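From first to last, the protein sequence lines stand for chains Z and S.
With our numbering applied, the first sequence covers 1 to 328.
With our numbering applied, the second sequence covers 1001 to 1269.
There's no promise every hint is true.
Okay, the calculated bits of chain Z under chain S, using three or more residues with CB under 8 angstroms as the criterion [stated by the list, open to error]: (1) 59–72; (2) 95–109; (3) 117–124.
Just so you know, the hints here were simulated from the structure itself, not pulled from any lab data.
Keep in mind the model is a prediction, meaning the values are calculated, not measured.
For each residue, glycine too, the CB sits at the ideal point set by N, CA and C.
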Amino acid sequence: MTLEMIDIVKRYGKLTVLNGITEKVMTGEFFVILGPSGEGKSTLLKILAGIEKPDKGKIVLDGQDITDKPPEKRNVAMVFQNYALYPNMTVKDNIAFPLKMRKMKKEEIEERVMKVAKLLGIESILDKKVTQISGGQQQRVALARAIVREPAYFLLDEPLSNLDARTKAIARGELKRIQKELKGTFIYVTHDQKEALSLADRVAVLHAGKFEQVSDPKTLYECPKTKWVAQFVGDYPMNFIPGDVIGESVYEIGFRPEWVEVGKGNLPCVVQSVEAVGESRYLICDFKGYTVVLLSKEFHDVNEEIRFEITKYRKFKDGILAEDCNLS
Amino acid sequence: MKRNFFLYIGAIIVGIYFLFPLYVLVLLAFNKPEYTVLTLYPSLFLQAPTLNNLITALQGNAFIDPFMKSLETATLVGLITIALAIPAGYGLSRISRSIAYPILVLLLVTNMMPGIVIGIPIAVDFIKLGLFETVEGLALAQTLITLPLATFILQGTFSAIPRDIEYQARIDGAGLFHRLFSVLLPLAAPGIAAAFLISWMFSWDEFTYAVLLMPYHSTLPVTIYIDVTRGNILAGIAFSLVFTIPVIILTFALQKYLKGEYLAGGLKG
């Protein structure tokens, strides 16, 4: 099964939200659409679900054009950001709802619901109302309802964003495990680059209505195609300085905080603030008028003058990566 | 502590002030007429308890006819109102607020006009249409007032149901029927109940349209008015008492449904 988006355009009035999205998602792939808020990620997902119609372009599933199929006729499951559970029903009824709508036999519904509940570890709350369970449990119920019908593909709209940090970390691992177990095609939308890098087989970065880069997480992190992607992906944006300082006069060079060795080399900089994360420290540093972020194991004082060496960097020209770089 | 004390005293005084007429009504209903309507200085306490007043008044068609008329009219008003207000409220909740709010305000315009101004021309038309002196006609006229209110309530109810739930239902394969009866209406049930009860209660003690459109064999409020003004005071008292009971019951029922949290839980994370 392949899901193709072909030149999808969506406008709201004069505003063009999606401006020609073309991509192919493969069977069993965990495909993450990453982008800042308000860039039309959810719109794209709604188009894939059939809730919204694109102004131009096609959705093709296994060679069949499904652009005009309404959501109830598409074999697709979706998990919304707010879970969209039916508050008037129990957990069990919520999960069984899509099966009931497909007029499945009672015994089969029961069997499937139990199987899914077991997979997600929610057997004990099946008879509770969805209003009586915790946020993490609600998220699982929403996921269970999506999984139970074995759809052609899954759409997930920031399903983890309403969870607290700890629950989120657990849920992330679980989501990945379930996806692998089901061999399901997941299309997952998020604004959280960390989440995208840790979950995805491939990440598509959505910017200005287009996929600015589609690649595996490692390539995305190490070889961002544009300066914008380089600065959007990563806990800290990639540092950019003119190339002359290291003899690459035509280019602008970009390096990540961990691509340096502090204490070596001859590039001077003045520490402006220090942020400790676990064992390492991020030094926010003034380098000849450019603010750069450096990763260091040592402790440094504010206003201390340090030296560093860039061990790895990427060359950019006019905001675009100017070298061959692909890790996959 | 001290503030609370005075607050309670105040609440009790206000409570007595508002409940006193009800007390007098009970007194009149259960005291022998000698101690109430037939004396110049009626007693403030129950002197000689009796059920005779009620039994005499409630026997025969003099009571049953207007009571049934009131019941039929109010129920019909409630049903017509929610049947029309559900689609109207849903529609208004799903379009842009800049369009929906002016429409809601316009709907309330009928409520700004005195009933008597609208009632008389309606009566003329109803005579032509054969709806004069009928339960259906009166119910339609009263719906003029209840429909905007109910639409307003249900617009709020449906606005509180996230659009995503409907989308979810569609994705889950629910057609229009199931989206309506398995998802939307159960979620809107408290609002629908509130709209129905408010419409019912409005019609139950509505007077202006009733007296204009059904002047001869009318509903309870008009009958009570006629009894009291034409000297049949004891009957008026008994009717008033029976008339009050459903209102009290419904007020308590309504309280339960008017809680906003009914909808919010589980929809947000």
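Cross-check of the supplied hints:
{"no.": "1", "hint": "59–72", "in the structure": "holds (count 3)"}
{"no.": "2", "hint": "95–109", "in the structure": "holds (count 4)"}
{"no.": "3", "hint": "117–124", "in the structure": "violated (count 0)"}
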